[in-house]
Amino acid sequence: MKNSISKKFAFILIVLLAAIAGFSGCTKADVPTGETPGGTAGEQPAKETTLVIAYERDAETLNHIKTGWYSDSLIYMYDRLVSRDYDFNYRPSLAKSWDTSEDGMVWTFHLREDVKFHNGKPLTAYDIKFTFDTILDPETASPSQSDFAAIKGLEVKDEYTVDVMLHQPFPNLLFVMSNTSAGIVSQEAYEEYGDEYGINYVVGTGPYMFQEWRQGDKIVIVKNPDYNWGPEWMTNRGPALIDNIEFRVIPEENSRLMELEAGNVHILRDVPASFLQRVDDIDGVEVMRRDATKLGYLAYACDKEPFTDIRVRQAINHAINKDDIITYVFRGYGEPAYGYLPPALKSEYYADSKKDGYEYDVEKAKQLLNEAGYNDGLSLTLSVENSTEYSRLAEVLQDQLKQVGINVVIQPYDSSSYTAMLKEGQQELFIRLYSWPNADILDWFLLSSQFPYPNHSRWQDEKTDELIHNAATSPTWDKRSEGYFAVQKHLIEQAVWAPIYIPENTIAVREEVKNFKFHPWIPQYNDGTYLEAE
Amino acid sequence: MEDIIKEDILEEVESCEPNFWQRLFSNKMAVFGAIVILILFIIAIFAPLIAPYSFDAIDLPQMLKGPNTENILGTDEFGRDIFSRIVYGSRISLKVGFIAVGISLVIGTILGALAGYYGGITDYIISGITDIAYSFPVSLLAIAFVAALGRSLTNLIFAVALVSWSGYARLVRGQFISLRNREFIEATKILGMSDVRIIFKHMLPNSMAPIIVLTTLEIPKAIIVESSLSFLGLGVPPPAPSWGSIMSSGRAYIMEAPWIAIFPGLMMALAVLGFNLFGDALRDTLDPRLKD
Amino acid sequence: MLKYIIKKLLLMIPVLLGLTIIVFLILHLAPGDPVHKVVGPNATPEVYENVKRSMGLDRPLIIQYFDYLGNLLKGDLGSSILQHRPVADIVMERFPITIGLGVRALLLSFLIAVPVGIIAAVNRNKLLDYFAMTFALVGISMPTFWFGMLLLYFFAYKLRLFPISGYGTWKHLMLPVITMGLTDAAVIARMMRSSMLEVIGQDYIRTARAKGLKEKVVTNKHALKNALIPVITLLGMRMGWIVGGSVTLEIIFSIPGLGRTMVDSIFSRDYPVVQGSILILAASVMISNLIADILYAVVDPRIRY
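Residue numbers (this note's numbering), protein chains in the order written: chain A, 1 to 534; chain B, 1 to 292; chain C, 1 to 305.
Accuracy of the hints is not assured; some may be wrong.
The calculated SDA-like cross-link candidates involving lysine to any residue, where the alpha carbons are at most 20 angstroms apart (straight line), are [to be verified]:
hint: 1; chain 1: A; residue 1: 402; chain 2: B; residue 2: 129
hint: 2; chain 1: A; residue 1: 402; chain 2: B; residue 2: 22
hint: 3; chain 1: C; residue 1: 7; chain 2: B; residue 2: 129
hint: 4; chain 1: A; residue 1: 364; chain 2: A; residue 2: 343
hint: 5; chain 1: C; residue 1: 52; chain 2: A; residue 2: 452
hint: 6; chain 1: B; residue 1: 28; chain 2: C; residue 2: 127
hint: 7; chain 1: A; residue 1: 366; chain 2: A; residue 2: 385
hint: 8; chain 1: C; residue 1: 158; chain 2: A; residue 2: 283
Calculated directly from the structure, the hints in this document are not laboratory data.
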């Protein structure tokens, strides 16, 4: 008797548990995506517009000081001292003007006086100082610390004036001040929210405010109705026309495309080249293209055999059929690269890159290899990061190198292992892509002082060091550019890399998005873009 | 009591060779399964003769073509012939499947034998671990293993082997426990035979039947696990044409070239089906009670 | 009975502990670390070392492990290295999603498989049987993720019947639950059938028939109850398989579940999140096994504790 009662009990208990577990998944609000709660109480709100942008991965944190990976939402929630206009020129943003001292060691920024944070408090020079002090403080362990390494300190002159003191002249200061990492935070809010800042709270001065973050699913930001300090080069300097922006996380490539086609997603950034044609063909979707400040290349460990021989390096350069790669791997979206900087860098780009560069020539490649003593061919490993684009490129390169007698084994890595492998110097051939809008990327990758990482090409050359040093410490931007031309020319001659392709910045936009402005860095949704009501 | 004696006799009768094969192949499913397995082996062994192209023959201008006269199953994003890649892919699936299951078999059998034979503490510990591993989502560990330690054929095989060993351990243990008390084993003990000899010459051979059945059912499982790992991007590095890898890279093109993802899946389903059918029939023929 | 439950629960502890050691070893012996993900590709070695130190990742492994263990025993799962927030929060957000999916799939598979298995058994070797068993065989032969892809392609993309991605309404759950539920149903249906067949052939059923009870009554009451017993133990085991399979489905259907989080964290070497998710997933599988054991004891009159 006792047994069957206790058994019945147990049975009921289990059924209850199962039911609870079964319905537990429904606890998170059943709010269908696309709508956000809002509108002022009392009045009948006009239909809210939400722009949906799809991304492959979620943000790690919305505190840009603590991370090296930035969610796009950060760009709209924060403002920076300096902005860059549609021609990539430096223009005022939070700073209405700036001047440099004679010796170039002190920059003074004069701030706008009408800027308010999302919590209503005014922006002052103290917030500027706080932001950069925090970044530079070793205790913070900020990944962007090195970007601002040239800064010795900041001093508040008065409520709307701040001085930036440097260790040495740094013509590139405006560049770092315009980056996402330089978003200005509210000292009060940052200190108040402590660890929760960037997760549950984000307080900036930008045209959009933080609303919610459903981890792994989406980030939603809502327009800042008090925004009135848009940069002068924008047509709309007031509040944005789109009520909400939703940054949705959809890891599956084809799911993102399907959602775009279905109209659930309005914008896709960085559509993989192999899909661009297909996406463009979709009714109601337009693909916009723009030169990118990126360069993809095949690199090798220059201090290891056989790469120590310049003929081998040149042979590899000759073996690559860049045109085929552009046509078939990137479906025509992109350009072959012959030099070390992309043409989008305008003033810094060495115009003779193609002329000095290496043409596709299988016979020449074989000949050079023979001269170097490798007529029996070579066997090498090609390390590549696990993403689909790189893998495709790797397979094609494997095939092309085979034609000149170089047999390649592809070794894929996930990104953590890839970096670890490079740090340990185990690479032979490897594929890289950089995305950086400044010539100093060459310092980064190719100075001897950067050996062995991030100088994973393991290139240690006095001449290169000398040329780069001259360029970087030039007194004016023009002289600096000239200096970098010499650097690029030298690198091409030495075949330090085998440049392959320059991808395009592509963005797929649905027709419901009107007045879309394709900015070279990132779309400026608050500059008059609006959604056509369905 | 009667039933037990009846079953014992039946068992003895059933293990007589002449009847066995006839009964096995009178089952239509067994025939079908055996044929599929045979075809699979032929395809794998004679791949270079059967496949019209090499599995890594890149022909970029031919990319993403649907099934046509030159490429019966179409081409992938590099212009490689899907049919040829699937044919060569059978080699990987069979290799990983057999080797991984082989490793599982050896490890699992040894552990199960020890547990079943010695009993006591040995049994307690081993069967404790085994029971947990059996009901555990070992595939998660397998994923962790390959994701952390890198993609290679060896890592893949070990990861897949992780999944099957507990099945063998449990089976062999069960077999040994029931055999342990049989008269002829008691006899060997009285005769003073060494443990090793008893295990290997007398107990194991009598357990072979269920082990074989389990093997035919574990191989398809291993093939599926391997393809899942490949699907997650953890399989053998390119251009290796593992069916899972082909499906994985095919899923990006599912809107414009669905054949890349669909055909390897069909092939795999067929292969797995063949093994399952044959294994089922084998089990039914050998001993209908072996369902577990 | 209670003793049995407690014993099983206690046994879970050393297992989970062992699990943490294994996972810890695998993660830390693997090349790479999460610092790269935090600092980004363009960081100087100084910044890198600084960040690494602030995370405590430069300490010897043993110390790191015992530190983790110590916190674990206090109930603290640690903090995500990349997201700067407690692992417990992350797990509590994602775990219900994965489990919710799994339980629903299990229920669905049961609802389908039990009747199918019974019908097949009762109509042994007739057309209905062959039909059902063929479908079941196909079901266990198909890779789950492939099936999921097909369903996504046809029902979500082509026919627009279900959403393509995301999570939030019952519609989002339909396809993954159906995918998992159907493939799992195949396994259970076969089991159900063979269990049913075995029971039908047994003595006490013959006795019941001899007593003159109607055929249907015989089938329903006596056979069913006894046939269900081994199938119920299957419940717990299938949970393990389902949790394992949810990883690929969460990726295909873009569901923010714990399985996918675990895989992502392995790739980004976010150690605490990996540890936490594997622990919780493993514990949930073990608990469902326990529940299955209890159910088994409840349902089988022959078992006494």
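Verification of the hints:
1. Between residue 402 (chain A) and residue 129 (chain B), the direct Cα distance comes to roughly 49 angstroms. Violation of the 20 angstroms bound is thereby established for this hinted pair.
2. A distance of roughly 53 angstroms separates the Cα atoms of residue 402 (chain A) and residue 22 (chain B); the hinted pair therefore is violated under the 20 angstroms criterion.
3. Taking the CA atoms of residue 7 (chain C) and residue 129 (chain B), the gap is near 15 angstroms; set against the 20 angstroms cutoff, the hint holds.
4. This hinted pair does not check out: residue 364 (chain A) and residue 343 (chain A) have alpha carbons roughly 27 angstroms apart, beyond 20 angstroms.
5. The hinted pair formed by residue 52 (chain C) and residue 452 (chain A) meets the criterion: a straight-line CA distance of about 18 angstroms does not exceed 20 angstroms.
6. A hinted pair counts as satisfied when its Cα atoms are at most 20 angstroms apart, and residue 28 (chain B) with residue 127 (chain C) qualifies at roughly 15 angstroms.
7. Using a Cα cut-off of 20 angstroms, the hinted pair residue 366 (chain A) and residue 385 (chain A) is violated, with the two alpha carbons roughly 28 angstroms apart.
8. A hinted pair counts as satisfied when its Cα atoms are at most 20 angstroms apart, and residue 158 (chain C) with residue 283 (chain A) qualifies at roughly 15 angstroms.
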